[in-house]
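**Student:** Take a look at the letters that make up each chain.
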Amino acid sequence: MATGIKDKVAIIGMGCTKFGERWDADANALMVEAYNEAISDAGIDPKEIQAAWLATCFDEVNVGKSALSAAIALRLPNIAVTRVENFCASGTEAFRAAVYAVASGAYDIVLALGCEKLKDIGYGGLPEFSQAIGILNSLWFPNITAPGCFAMLAGGYCAKYGLKMEDVKRAMAHISVKSHANGALNPKAHLQRPVTEEQVLQSPMIAYPLGLFDCCGVSDGAACAIVCSIDVAKALKKKDFVTVKALQISVSNGEEMAFSNWDGAHVVNTEKAAMRAYQEAGIKNPREEISLLEVHDCFSITELVTMEDLHVSERGRAVNDVMDGFFDSNGTIPCQIDGGLKCFGHPIGASGLRMVYEIYLQLHGRADKRQLKDPKIGLTHNLGGFPMMNVVSVAIVGRYKN
Amino acid sequence: MIGIVSYGGYIPLRRLSRMQVVQQMAWYNPLLYMLMAGERSVANWDEDSVTMAVAASYDALHGMETKSIDAVYAASTSFPFDDRQNAAVIAQALNLQDSVRTIDVAGSLKAGVSAIVAGLDAVESDSARKVLVVAGERRYTRSASTLELLYGDGAAALVLGREHVIAEFLGSCAYHEDFIDHYRGAEKRFDYQWEERFIRDEGFGRIIPEAIKTYCEKYHTDIAEFAAVIYPCPFAREHATIAKKIKSAGAHTNLHEGVGDTGAAHPLVMLVHALDTAKPGDKIMVVGFGQGCEVVAFQVTDAIAHIKRPKGVTLGMARKKDIPYAKYLKFRDLIDADISIRAEAMPNTSLTALWRHRKMIHGFTGYRCKACGTPQFPPYPICVNPACNKSGTMEDYAFADKLGTVLMYTGDMLAASVDPPAIYGLVEFDGGGRTLLDFTDCELENLKVGSRVAMSFRIRREDTTRGFTGYFWKAVPLIE
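Sequence lines, in order, name chains A and B.
Following numbering that gives the first Met the number 0, the numbering of the first sequence begins with 0 at its first residue and continues without gaps.
Following numbering that gives the first Met the number 0, the numbering of the second sequence begins with 0 at its first residue and continues without gaps.
Pulled out of the complex, with its shape left as it was, chain A reads as follows (with noise of 0.2 Å):
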């Protein structure tokens, strides 16, 4: 009988990179950022890492595939080194693998690294991918990109509540706002202005009903976690540490595409991944016992609607927790207080890690001027993918035994 992840292992270093344009700095030396931080972390030699997983999406603009660039790059001494991609839910897969061979006993101490270099490509936006979803698909398939697909789940968002899209803008809008305001106080975020709720209302539209600012952004990057097994972390003379509670993926089986049974209003995945996680972590009343979240905020829409997906807010009343503030950083549950990918940036395969990373920071009491009061347990969320046909993964971590 399956008895789950819960406290079965301890994070014990972290790394991020500063995220942004890095025109200054290859995919390689991403990856070396985030690792000597992780490193120095942890105070443990590099040579006590036993194995290691790479995440990364776009490998054919960014470090090609297999993850021998991470481990030429990290020059790891011929240790299992594997690259996972699952959409952008590869940070967080990565995590889920190296946590899992420490939890089997295969290991002591592995590292889960995540790494993409977006920018080196010329054009605004993620790559083109009309190639990436199978060569069947490039037949026939919309020229869709990822403002588009996000675009629509706020038309079905208000079909389905009855909702004056106006007034959805707005909660968009404050969304945007409260994570600029986070990431204006985050010296590692991509963007770093504070924005106000007009120039988000009045930003050039991308894919209607998104504006310019509902959209996150996108940027090179690197995180990396060390984890290893409690015994372990006990042995180091590691105190107050991080454990996992929960790790769960969620992924389509085109339904929601292709059989009528989906409302449009909604994720399918991120509710299955935080209803099976909350049971993996013991939660019962998520408004309640959480303390922060991280989620996928690819688009502002999706925040909101991810608020209910998380059984945070009831459904069709995001709109009226987001206006009431209860996700800003003196919220009740303050949501992207590192700025979420809307500012800390997008780098897809870095994010899932670059969102434990902040909770990480937070629960060690680290986070400097966005330190929050006494935080327990945080929650990570990634959407890989589109509304209508994704990969979803939930993490939730907290201090040991808590």
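Mixed in with the good hints, there may be bad ones.
Claimed, not checked - Restraint ranges, calculated between C-beta atoms of paired labels, are given here:
{"hint": "1", "chain 1": "B", "residue 1": "G430", "chain 2": "A", "residue 2": "R398", "range": "53 to 63 Å"}
{"hint": "2", "chain 1": "B", "residue 1": "A453", "chain 2": "A", "residue 2": "T2", "range": "50 to 60 Å"}
{"hint": "3", "chain 1": "B", "residue 1": "G430", "chain 2": "A", "residue 2": "T2", "range": "40 to 50 Å"}
{"hint": "4", "chain 1": "B", "residue 1": "G430", "chain 2": "A", "residue 2": "G123", "range": "36 to 46 Å"}
Hint data in this document are derived by calculation from the structure and do not stem from the laboratory.
Computed from a predicted model, the values in this text were never measured in an experiment.
By construction, the Cβ of each residue, glycine as well, lies at the ideal position given by its N, Cα and C atoms.
Following the hints, position chain B against chain A.
**Tutor:** Just chain B, lined up with the frame of chain A:
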């Protein structure tokens, strides 16, 4: 009795106002002033002679069983493929039987009428029960040329057969003469046209009356018996002069005013336009012109009362939207507009994958699960219904003729598109099934959740590097 059993047509949505071209370009070519009246039809960027032929064919085949269609004769001078049969693409898009004979008829503007005569021969000789004759045309013309104003884009289709004939075949005759009013050499994009006076006097004005006279002599008939005489001639005055020469009061409008000359398709486009208002007993003569003439004649029967009229040409002429000249130039690639770096990537098309999935891609055929009845697209081996999920229970199911409702949509300014924003969305089909589709012939501001859409066979991507046109189906909002 053999003859026409059904007909259909298609005129694309866009109209280019000739006055607009005159305003923009007459400084360069003052001859354009002569042609400033009316408007011409313009194919959308994702339409060509094949897609319009498919649309006209669906119009003609609507409500008809297609198992007895034994041949498809497709005519055009602007087919996208020189080698790869265009009629075969059309037959696949119509989901016709594997045993159907497919023939491209090309090389002259009389090709459309030649295809009708050949089709009638096949029916008469019992080598085919029904023949679908379809012609579509989308020709390139140089900016500021008179041809740019004379030509139009469109398609028409006839189903020929023995049963339920609405217009009985009376007779035909042919006349060939290597008269070169214009020509288009191999691999050339534009027509090269000779002096207009020569074309009018020695071409249309002499050859058409001569061919009609030959027909009348052959069948001992008088042109006065024909309620409608259909002959293409884009020059308005010459068109009227021919009517006088042949002494007919039934010369059918050349549709110059609202459509323009649709080339090899034009006699068929005019014919289906005439059939929309034809009465039982009416005799109709159709003349194709190009390196001589091909003449065919019909007499409308009482059965025409049983078909739903008007059809696609009349309907398409009424349904229209202006296109700015600059947009038209971009749609036809007549200006070298910048493309984003995002749009540069142009991988080739996997011909293996396209062949394997030809029913899915060209026929818009998905599956329906025999166990639970759920229609589904794209086709996968295991049923999408979570309450079923059975394997090996799938049968083909066509979505091409289904209407649908928009569940969610967007207008995407980031996606590379010839006509931004790229509009796409999730469509729920009447009868079940849903999928993500591109939208076309559509304005973002007119679309809403709940809008009704029909399916249309369109160009999905033109690979100009390798000369390959890829097709799939798109959603077109119904005009309510």
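**Student:** So which hints don't hold here, by number, going up?
**Tutor:** No numbers; nothing is violated.
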